[in-house]
Amino acid sequence: MRQALRRTFTALVLGRRRHGSAADRGSTTTEYVLMLVVAIGIATAVGGILTPRIIESAQSVDLGVTP
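Residue numbers (our numbering): 3 to 69.
Because the hints were derived from the structure by calculation, they are not lab data. Take these hints with a grain of salt, some might be off.
[As the list claims (entries may be wrong)] Label-pair ranges, simulated between beta-carbon atoms:
no., residue 1, residue 2, range
1, 45, 12, 23 to 31 Å
2, 32, 10, 35 to 43 Å
3, 7, 55, 57 to 65 Å
4, 33, 58, 35 to 43 Å
5, 4, 47, 48 to 56 Å
6, 61, 17, 37 to 45 Å
7, 9, 29, 50 to 58 Å
8, 60, 39, 52 to 60 Å
9, 68, 45, 38 to 46 Å
10, 56, 32, 33 to 41 Å
11, 7, 42, 49 to 57 Å
12, 7, 29, 36 to 44 Å
13, 9, 34, 24 to 32 Å
Glycine included, each C-beta is placed from N, C-alpha and C at the ideal position.
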């Protein structure tokens, strides 16, 4: 158990040294959040455009039922 903990701690310390300082790690998170916001915005816009068209097409289908 101690050896596994020691290996994990060593990997954590060496990983930080290889990837730069802790201040640089936040930029990646910010970029992912911005990409997610853009993707959600595009999906919302496409949904807003397609939803009325789909509803209109669905309402125009003749089911052969007389009310």
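Quick rundown of the hints versus the structure:
Range check, residue 45 to residue 12: about 43 Å between beta-carbon atoms, so the 23 to 31 Å window is missed. Between residue 32 and residue 10 the beta carbons are some 27 Å apart, a value that contradicts the proposed interval 35 to 43 Å. Distance hint for residue 7 and residue 55: a CB-CB separation of about 59 Å, consistent with the stated range 57 to 65 Å. Distance hint check: the CB atoms of residue 33 and residue 58 are about 39 Å apart, consistent with the given range 35 to 43 Å.
Under the hint 48 to 56 Å, the C-beta atoms of residue 4 and residue 47, about 55 Å apart, fit the expected range. Separated by about 57 Å at the C-beta atoms, residue 61 and residue 17 break the suggested range of 37 to 45 Å. Roughly 29 Å separates the CB atoms of residue 9 and residue 29, a value that falls outside the hinted 50 to 58 Å. For the hinted restraint 52 to 60 Å between residue 60 and residue 39, the CB-CB distance of approximately 31 Å leaves it violated.
Checked against the hint of 38 to 46 Å, the C-beta distance between residue 68 and residue 45 comes to roughly 39 Å, which is consistent with it. Distance hint for residue 56 and residue 32: a CB-CB separation of about 35 Å, consistent with the stated range 33 to 41 Å. A hinted range of 49 to 57 Å is violated for the C-beta pair residue 7 and residue 42, which are about 40 Å apart. Our hint of 36 to 44 Å for residue 7 and residue 29 is violated, since their Cβ atoms are close to 30 Å apart.
For residue 9 paired with residue 34, a C-beta distance near 29 Å keeps the hint of 24 to 32 Å intact.
Taken one by one, the earlier hints fail for this structure at numbers 1, 2, 6, 7, 8, 11 and 12, listed in ascending order.
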